[in-house]
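**Student:** The residues making up each chain are set out below.
2 protein chains.
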Amino acid sequence: MAYLVSSFHIREKMEKKVVGIVGLGLIGGSLGLALRESDKYRVVGYDRNPKHREEAIHLHLVDEVVSFEEIERVDILFLAIPVEGIISALNSFKNLKEDITIIDMGSTKREIVSAVPEKIRKNFVAAHPMAGTEKSGPSAGFSSLYKDRVVVLCDLEESGEKQRQESEEIFSYLQMRILYMDSVEHDLHTAWISHLPHVISFSLANSVMAQEKRDSILNLSAGGFRDMSRLAKSSPRMWRDIFQQNRDNLLHSINLFQDELNSFKSLIANESWDDVEEQMKSANRLHEIL
Amino acid sequence: MAYLVSSFHIREKMEKKVVGIVGLGLIGGSLGLALRESDKYRVVGYDRNPKHREEAIHLHLVDEVVSFEEIERVDILFLAIPVEGIISALNSFKNLKEDITIIDMGSTKREIVSAVPEKIRKNFVAAHPMAGTEKSGPSAGFSSLYKDRVVVLCDLEESGEKQRQESEEIFSYLQMRILYMDSVEHDLHTAWISHLPHVISFSLANSVMAQEKRDSILNLSAGGFRDMSRLAKSSPRMWRDIFQQNRDNLLHSINLFQDELNSFKSLIANESWDDVEEQMKSANRLHEIL
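Each protein sequence line maps, in turn, to chains A and B.
Each position in the first sequence, counted from 1, maps to that position plus 1357 in our numbering.
Each position in the second sequence, counted from 1, maps to that position plus 1357 in our numbering.
Keep in mind that a hint or two might mislead.
Note that identical chains are pooled: a pair holds if it fits in a single copy or bridges any two copies.
[Said to hold, decoys possible] Mimicking DSBU-like on lysine-lysine, the simulated pairs with C-alpha atoms at most 35 angstroms apart in a straight line are:
id: 1; residue 1: Lys1590; residue 2: Lys1454
id: 2; residue 1: Lys1638; residue 2: Lys1397
id: 3; residue 1: Lys1622; residue 2: Lys1397
id: 4; residue 1: Lys1622; residue 2: Lys1373
id: 5; residue 1: Lys1590; residue 2: Lys1622
id: 6; residue 1: Lys1590; residue 2: Lys1373
id: 7; residue 1: Lys1374; residue 2: Lys1570
id: 8; residue 1: Lys1519; residue 2: Lys1590
id: 9; residue 1: Lys1622; residue 2: Lys1451
id: 10; residue 1: Lys1479; residue 2: Lys1570
id: 11; residue 1: Lys1638; residue 2: Lys1479
FYI, nobody ran anything at the bench for these hints, they're computed from the structure.
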């Protein structure tokens, strides 16, 4: 017993880094759970939704819930909120710890990077973890969300040396694979590989639900619809902002997808079955990639 | 030891029903594996591809591989081949066992049902198991593919009483949930819930692969593309026939999906973000269904 108490005291004396998380939904909550498993970090959180703050305590996502003012004093501050909120938050901090590392976890990068106030540019690291589910809110969080996934760090040459190291260290602790990318490039690629698929899934879900009754969907959905509509359950609040910030790239990708679908439809309409089969064989090349 | 030998003899003496499977890919192979686990069935198979026949033996998908002529003499005959092949097969049998039950496992039903020769109509049961993966070929088979899934039986009032009972019994043995549906209805619903999602996935895969390099796809695909492109790995041979047989319903569903996507795109182009969010909230109603 004496041993346990003293061991507890020694751990408490270690200099734990204080991590703050703004936004305690799927992304922030999972982060809190994962970081709390380490002795190196003490985790405090803030969410402007009082229900989320209560849930975060109840679900042990953070060690403590603090105010927005208090969270400016942490060592490493994660912004895990919708991307328009990230831009507002970056411009509303008043009393940040001088050498703080601020890491945003948003799905777009170009507009966020260009909105960072000059005086905190060195403190800032732009990150996009390629991890998530269609669920949202504090109860959606789980500690292994980030394990073995990719995190893209953008425009890292504009971040301070300390901030670069600290972010690489914390993402390595999360067992993530770090990729480096220009923020403009990032937004081009994610338009195709993430944002367009979401647009399609939302539209597919709406068009199928307009035509088909609940029972048919439930009974027949093993035939493809279940997978193709999973993304359509994603948070409208979060995706509204993403589409807004990556609008031009997204519109371009939608247009080219529409061309592709239209030409596939024409082959079906014209009963050019050999060409239909060729198009599908071409799509099958995915087997070599994923 | 004596006990085991005698028990073996008793089992051998039981009248096993002989099940024949034409097509030893994912669908037929999985069926063979599942039925072979029972004492009630002896399973023989045929595939016109010699490699598939060899693999089927090697993988123990069937007890024996037989010729196309021999397979007409079984008690229950499954057709697990592309849907155009089903129509050809139904019209090429010459020496079927008199009270045989023939069950087709195709993804379309209307054209198949109307192509069944009158003299074997009572022998025929039209089935569509709502189960499958994007993989194909004998090695893709696994014995639990059908467990807890739905099987749709169409126009069952046109099948004979014995054939109805026998098909219900075998699908129950597979632990499937049986739904009854008109074949015209079936093709309408599956156009929306299965065939349209496949068309979209093939088109998405082709448009993304035309724009994005292998590495970007591999690294960033957790953001939605992986799910949305899984169906694009499906068998072109199989889907060509399905699109051909369900062409009109499919074209109608593609048109309505295109309208939906187009209106969603316009909202994004016009920066009507509140409406964009409303559309996504509407899609979120899926949470109540799936």
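**Student:** The structure should be examined with respect to each hint, and the outcome stated for every one.
**Tutor:** Results of checking the hints against the structure:
{"no.": "1", "hint": "Lys1590 <-> Lys1454", "in the structure": "neither (38 angstroms within a copy, 51 angstroms between copies)"}
{"no.": "2", "hint": "Lys1638 <-> Lys1397", "in the structure": "neither (51 angstroms within a copy, 40 angstroms between copies)"}
{"no.": "3", "hint": "Lys1622 <-> Lys1397", "in the structure": "neither (56 angstroms within a copy, 46 angstroms between copies)"}
{"no.": "4", "hint": "Lys1622 <-> Lys1373", "in the structure": "neither (59 angstroms within a copy, 48 angstroms between copies)"}
{"no.": "5", "hint": "Lys1590 <-> Lys1622", "in the structure": "both (27 angstroms within a copy, 18 angstroms between copies)"}
{"no.": "6", "hint": "Lys1590 <-> Lys1373", "in the structure": "neither (38 angstroms within a copy, 48 angstroms between copies)"}
{"no.": "7", "hint": "Lys1374 <-> Lys1570", "in the structure": "neither (53 angstroms within a copy, 39 angstroms between copies)"}
{"no.": "8", "hint": "Lys1519 <-> Lys1590", "in the structure": "neither (39 angstroms within a copy, 45 angstroms between copies)"}
{"no.": "9", "hint": "Lys1622 <-> Lys1451", "in the structure": "neither (55 angstroms within a copy, 39 angstroms between copies)"}
{"no.": "10", "hint": "Lys1479 <-> Lys1570", "in the structure": "between (54 angstroms within a copy, 32 angstroms between copies)"}
{"no.": "11", "hint": "Lys1638 <-> Lys1479", "in the structure": "neither (48 angstroms within a copy, 38 angstroms between copies)"}
The earlier numbered hints that this structure contradicts are 1, 2, 3, 4, 6, 7, 8, 9 and 11.
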